[in-house]
Amino acid sequence: MTRYDLQLEQFTYRYPDAPRLTLDRIDWQVERGEFVLLAGPSGCGKSTLLRALNGLVPEFYGGEIGGRALFRGRPLAEFPNRSIARHVGMVFQDPEKQLVMSEVEREIAFGLENLLVPESEMRRRVAEVMSFFDLTALRHRATADLSGGEKQKVAIAAVMALQPDVLLLDEPTSQLDPGAAQEILDLIKRMNEELGLTVVLVEQRLDRVLHLADRIVAMHEGRIDYDGEPQGFARYASEQRPELLPPVTKLFADAGRPERPLTVKAARQTVASLAGVRPAADPNGGESDKRSLSRFFRNVRRMFRGGESEGAMFEARDVRYAYPDGEEVLKGLDLDILPGRLTAILGPNGAGKSTMLRHLIALLKPQEGRVRIDGQETSCLDPADLAGKVGYLSQYPADYLFHETLRAECEFSRRLIGLPVGTEEAEREIDAVLDGLGLLAARDRNPRDLSGGERQRAALATVLVQRPDALLLDEPTRGLDSGQKDRLGAWLSRFVEDGGTVILITHDVEFAAEYAQEVVLLDDGEAVAHGAPQEMLARGLFFAPQTGRVFRGVDDRIVRLADGVAALRNLAGEEESR
Amino acid sequence: MNRKLFSFGSGPFFRYHAATLTVYPMLLLFLAVALQHPIFLLMLLAVSVLAVWRGGGLSAFGTILRYAWPLLLLIVVLNVLVSKDGATVLWIGPNLFLLGKIRLTMEALLFSGVMVVRMLIVLAAGALFVAWLSPDRSLGLLGRIARRSAVTAMMTTRLAPYLAEQSEQIGDVLRTRGVRLDQGGPVQRIAARKPMVSVLLISALEGSWQVAEAMEARGYGMGRRTSYTRERWSRRDGLAWAAMTAAVWLTVQSAWSGWSEFVFYPRLIGWPFAGGAWIAALVLGTLLLVPPLFAKRSRR
Numbered sequence: 001m002t003r004y005d006l007q008l009e010q011f012t013y014r015y016p017d018a019p020r021l022t023l024d025r026i027d028w029q030v031e032r033g034e035f036v037l038l039a040g041p042s043g044c045g046k047s048t049l050l051r052a053l054n055g056l057v058p059e060f061y062g063g064e065i066g067g068r069a070l071f072r073g074r075p076l077a078e079f080p081n082r083s084i085a086r087h088v089g090m091v092f093q094d095p096e097k098q099l100v101m102s103e104v105e106r107e108i109a110f111g112l113e114n115l116l117v118p119e120s121e122m123r124r125r126v127a128e129v130m131s132f133f134d135l136t137a138l139r140h141r142a143t144a145d146l147s148g149g150e151k152q153k154v155a156i157a158a159v160m161a162l163q164p165d166v167l168l169l170d171e172p173t174s175q176l177d178p179g180a181a182q183e184i185l186d187l188i189k190r191m192n193e194e195l196g197l198t199v200v201l202v203e204q205r206l207d208r209v210l211h212l213a214d215r216i217v218a219m220h221e222g223r224i225d226y227d228g229e230p231q232g233f234a235r236y237a238s239e240q241r242p243e244l245l246p247p248v249t250k251l252f253a254d255a256g257r258p259e260r261p262l263t264v265k266a267a268r269q270t271v272a273s274l275a276g277v278r279p280a281a282d283p284n285g286g287e288s289d290k291r292s293l294s295r296f297f298r299n300v301r302r303m304f305r306g307g308e309s310e311g312a313m314f315e316a317r318d319v320r321y322a323y324p325d326g327e328e329v330l331k332g333l334d335l336d337i338l339p340g341r342l343t344a345i346l347g348p349n350g351a352g353k354s355t356m357l358r359h360l361i362a363l364l365k366p367q368e369g370r371v372r373i374d375g376q377e378t379s380c381l382d383p384a385d386l387a388g389k390v391g392y393l394s395q396y397p398a399d400y401l402f403h404e405t406l407r408a409e410c411e412f413s414r415r416l417i418g419l420p421v422g423t424e425e426a427e428r429e430i431d432a433v434l435d436g437l438g439l440l441a442a443r444d445r446n447p448r449d450l451s452g453g454e455r456q457r458a459a460l461a462t463v464l465v466q467r468p469d470a471l472l473l474d475e476p477t478r479g480l481d482s483g484q485k486d487r488l489g490a491w492l493s494r495f496v497e498d499g500g501t502v503i504l505i506t507h508d509v510e511f512a513a514e515y516a517q518e519v520v521l522l523d524d525g526e527a528v529a530h531g532a533p534q535e536m537l538a539r540g541l542f543f544a545p546q547t548g549r550v551f552r553g554v555d556d557r558i559v560r561l562a563d564g565v566a567a568l569r570n571l572a573g574e575e576e577s578r
Numbered sequence: 001m002n003r004k005l006f007s008f009g010s011g012p013f014f015r016y017h018a019a020t021l022t023v024y025p026m027l028l029l030f031l032a033v034a035l036q037h038p039i040f041l042l043m044l045l046a047v048s049v050l051a052v053w054r055g056g057g058l059s060a061f062g063t064i065l066r067y068a069w070p071l072l073l074l075i076v077v078l079n080v081l082v083s084k085d086g087a088t089v090l091w092i093g094p095n096l097f098l099l100g101k102i103r104l105t106m107e108a109l110l111f112s113g114v115m116v117v118r119m120l121i122v123l124a125a126g127a128l129f130v131a132w133l134s135p136d137r138s139l140g141l142l143g144r145i146a147r148r149s150a151v152t153a154m155m156t157t158r159l160a161p162y163l164a165e166q167s168e169q170i171g172d173v174l175r176t177r178g179v180r181l182d183q184g185g186p187v188q189r190i191a192a193r194k195p196m197v198s199v200l201l202i203s204a205l206e207g208s209w210q211v212a213e214a215m216e217a218r219g220y221g222m223g224r225r226t227s228y229t230r231e232r233w234s235r236r237d238g239l240a241w242a243a244m245t246a247a248v249w250l251t252v253q254s255a256w257s258g259w260s261e262f263v264f265y266p267r268l269i270g271w272p273f274a275g276g277a278w279i280a281a282l283v284l285g286t287l288l289l290v291p292p293l294f295a296k297r298s299r300r
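Top line first, the protein sequences correspond to chains A and B.
Per the UniProt record's numbering, the very first residue in the first sequence carries number 1; after that it's consecutive.
Per the UniProt record's numbering, the very first residue in the second sequence carries number 1; after that it's consecutive.
No wet-lab data here; the hints were simulated from the structure.
Accuracy of the hints is not assured; some may be wrong.
[As the list claims (entries may be wrong)] Cross-link-like lysine-lysine pairs, in silico, DSS-like; alpha carbons within 30 Å at most:
#1 A/Lys331 <-> A/Lys365
#2 A/Lys97 <-> B/Lys101
#3 A/Lys189 <-> A/Lys265
#4 A/Lys389 <-> B/Lys194
#5 A/Lys331 <-> A/Lys265
#6 A/Lys365 <-> A/Lys265
#7 B/Lys296 <-> A/Lys365
[As the list claims (entries may be wrong)] Chain A is faced by these chain B residues, among others (derived, beta-carbon under 7 Å):
#8 Ile170
#9 Val199
#10 Ile202
#11 Arg218
Note that CB positions come from ideal geometry on N, CA and C, so glycine has one too.
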């Protein structure tokens, strides 16, 4: 009996009509009970490889294949009528698009019905799975009413009800807030450890998952570039693919240190030994009561400042808003957003972040209180009045793209607000925007054919060609790989340097720490804290970047990678001089 | 578009067998079509509204009425204008092109009223069905007979709230780009929504591809399927079915005895209402009240 659950032998795949191979002569195996992490930039073939492991490629997608994919030594082609689903389960990125039934309990039973499981056995499995995933209280809930984290948990439970031997996961946490993402990842690890489940996970946010994996596989342009244990991956990535490094490892690589820590704990120990202090274990982490008190009062003062609201581009005062179902989402929100700054809005799901943003673009009107944009109350404004002044990018870039070409899409935007199109000047302006976003080559392509990251930028381009002074972005880094995020961050920084204002909602604390000048924390419909990233993110539990966690108790004002690198070099220099 | 209107499956869970919860609204619907007598129909309407209230669908019914009232008004106006059969003239109007002389008769007016009451019962029965039975349960029932069709029907029911939500979301994006969806006359408003339809169509196609892939990954398409159900018959179901059977029997008996007979044209026959009609309508209403009154919501 083979010790491998999954094997690919000289596996080659090309999507229908694709000019090049997506997977190129791959020889690869996954052992029973292993936890394998698949890493790599967008478009490198990770998701396709995952689909090859359960036969969706080529069965569902068509295209040309070469070589063989095997489950426990048996070619997938020998499993008739999707019966491979009994052995290899798969969870997809978007929980919304993988739930079929309208009630949780029946959703879990859906796969069992497909696999002809008898009714009494189905009852047992559904009950067991709901208990394991703590879903019993939600059994009769409508799937549409669940939170993103709950939906993803139901999707995993529905696959686990099939009792597969292998679980494939394609970026299962990319749509979730940090708390929900951690819960899902803990669950996956628990299944791997307690049930002996083989796990193959594709993830962009390596900082969340590196410590969970037994083995890491890095892909590049359809081939396996690295396959080995995590520590070796850190060395490989720092030498060959630095964009794959998680912030904590990148910190040490950029500082020229020989260590390649993969976890915050390991990095903290190194930093603490360099600094000659014990890593802070107390809740205050060495910060004096006096200092934290003064920080608290500074934040409170900022929150209630009266005079400083003058000059605010966006101003919300005691805003209350409840949706028609009666749930109050904003509960007296006070907020000032100054022009010429990049402000990141953080907070858990349901805190009211998107509702707040929709108020700032006049899509929603406050039921109590007021919202002003450049001194003008939104109560009498139509969102269309703001087009050309304030650009809004929703969480769904596809909603912006319906023309035949990206250029036509941009021209549509300009025409809506009376800007010229078709002239030389207009063409130059559109090209400049597309060039700035790295999309000039895609100008005459159908925007729906672009990759996820390109679509995100294409949607942004349709907003930018209207020459807005301010940008409101709802989760702009969702689904982007680390290189794409860096490019977006650099572009937004330039926009702000040129006098633009950016407000972005994000769950990506690393991104907020790197690029924001101001951070607002929203909770339960109110802005509960407000300040520079160094003040806001250094001591958070979930809302803290890896760099900040590494230096906690050593230097509580470090949250950005560049600051961390400088501090690490200083510490190393001091140690050497000692 | 109101998303709440399409929020299937989020209501309370009723401890009746899905068959009982399916058949009762269908019975209301059948009786609305079968009965002519205004007293019987008014009684049926009262029972239907009460059942909707018990079933937790009153707000959905209200929303449906907000959209349906122009249709109801149209029924009244058209019938009054077109019908020439009534003998009791209340008002004679001018000559209109194609319609001829307008004659407002009591018979036509009452017939229009009866049509409106019928429509209201039909709408209430629909609201009740949606409110007290989730699509999963009703299609689970269907799944026993037609397994693959049940999944197709399920996906269709999910499509309505999904599209409602999507169109709202896309509309918001277009408005922030400068599209004025609510300005101008109907033609301009429809034209402004054209991009919305394009995005909706493309996104729905992309979404259906992803859903299909997820379904295939969970073994859909193997051929035969089994069906998961937690439906159980209880004494409460027995009582409801007994009441419904008695209601059907009474309806047949009323027709046989002439209690529910009512003629509108050329003159109203059955007016003033005979005592038998009142009693039969009252008993019918009482019988039909049994299922909603004994409906018990489960704790979740």
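Pairwise hint evaluation, lysine 101 of chain B against lysine 97 of chain A, where the allowed Cα distance is 30 Å at most: Violated: lysine 97 of chain A and lysine 101 of chain B sit about 59 Å apart, past 30 Å.
How about valine 199 of chain B: closest beta carbon in chain A under 7 Å, or not? The hint holds - valine 199 of chain B has a Cβ within 7 Å of chain A, the shortest such distance being about 5 Å.
Straight-line Cα separation of lysine 189 of chain A and lysine 265 of chain A no greater than 30 Å? holds (19 Å)
Take a quick look at whether lysine 365 of chain A and lysine 265 of chain A sit within 30 Å of each other, Cα to Cα. Not satisfied, since the Cα-Cα distance of roughly 46 Å exceeds 30 Å.
Regarding the hint that isoleucine 170 of chain B lies at the interface with chain A, is the smallest CB-CB distance below 7 Å? Since chain A brings a Cβ to about 5 Å from isoleucine 170 of chain B, closer than 7 Å, the hint holds.
Are lysine 331 of chain A and lysine 265 of chain A close enough, with their CA atoms no more than 30 Å apart? Cα-Cα ~38 Å, so violated.
For lysine 331 of chain A and lysine 365 of chain A, compute the direct alpha-carbon distance and say whether it is at most 30 Å. Status holds; Cα separation ~14 Å.
Under 7 Å, Cβ to Cβ, is where isoleucine 202 of chain B needs to be relative to chain A, so tell me if that hint holds or is violated. holds (6 Å)
Could you grab the alpha-carbon distance between lysine 296 of chain B and lysine 365 of chain A and see if it respects the 30 Å cut-off? Status violated; Cα separation ~40 Å.
Can you verify the interface hint for arginine 218 of chain B: is its Cβ closer than 7 Å to any Cβ in chain A? holds (4 Å)
Between lysine 389 of chain A and lysine 194 of chain B, is the straight-line Cα distance small enough, at 30 Å or below? This hinted pair holds, its Cα atoms lying about 24 Å apart.
Violation of the numbered hints given earlier is confined to hints 2, 5, 6 and 7; the remaining hints are satisfied by the structure.
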